[in-house]
Amino acid sequence: MRVVVTRPENSARRTAERLQDLGHQPVLLPLTKAIHHPDAAEAALAVPHAALAVTSGEAVRVLSLLGERLTPYLGQTLYAVGGTTAKAAEESGFRNIRPGAGTGAELAELIASYASTFDAPFLYLAGKPRSPKFEDGLRTNDVPFVTAEVYEMTPIAYDEVFLRSVLLDPPADVVLLYSRENARLFCDFAAPHLTELASLQFVCLSDNVAEIIPREFHRNIKIASHPDEDGIFALL
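The numbering of the sequence shown is our numbering, which starts it at 1 and goes up by one.
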């Protein structure tokens, strides 16, 4: 199948290799690019905190930019949203990692189960924009935390000729959507071509992502049974 990959470029290339290994034709259409703020991460780490939390590999990449300045924190407990993010943290040198089940809401529940042991707020190293569900879950459970925005994802502009070549020359069979923001951006790009994309399958990481898909495509939505790339690939 011809599969549109909407992830940022670093992640998209790994996904494209997996697709090729399965015999599919990946088409890269990164919808956002990351702007990193390592100084904000370093300043946040310097403030007393009980543990760390990350909900994306991008936050881990920001921490890795600190180099040796990250060393004093590598032994701290780090809560990661899922297995992929946990692996990225491990590769960056963190030694005490507690992975969640894959969603922000589930990570909040995991952290809440340990909150009674915290002697200070824990530090959430976040991106912008982001889903509110992780932070909402923490507030619901009265978990003390501080959020530091250490990166932001900015949209990439494409001209109409390029978009048509990606989506319609020949027509794409599947688009992979890993976040609400990417789903929103992709649907904005696809809006002028709705009639020509009537058979396009929207493979979504979670219900939270699928909520963004326009009603006319609801019959074409597939949602991963578990919110990670293996869950998405199981639907292809």
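Just so you know, these hints were derived from the structure itself, not from any lab. This one's a predicted model, so the numbers in the text were calculated from it and none came from an experiment. Among the hints, erroneous ones may be present.
As the list claims (entries may be wrong) - List time: in silico DSS-like cross-link candidates among lysine-lysine, alpha-carbon distance up to 25 Å: (1) 33 x 87; (2) 222 x 133; (3) 133 x 33; (4) 133 x 87; (5) 33 x 128; (6) 128 x 87.
Hint by hint, here is what the structure shows:
| no. | hint | in the structure |
| --- | --- | --- |
| 1 | 33 x 87 | 22 Å, holds |
| 2 | 222 x 133 | 21 Å, holds |
| 3 | 133 x 33 | 22 Å, holds |
| 4 | 133 x 87 | 22 Å, holds |
| 5 | 33 x 128 | 12 Å, holds |
| 6 | 128 x 87 | 22 Å, holds |
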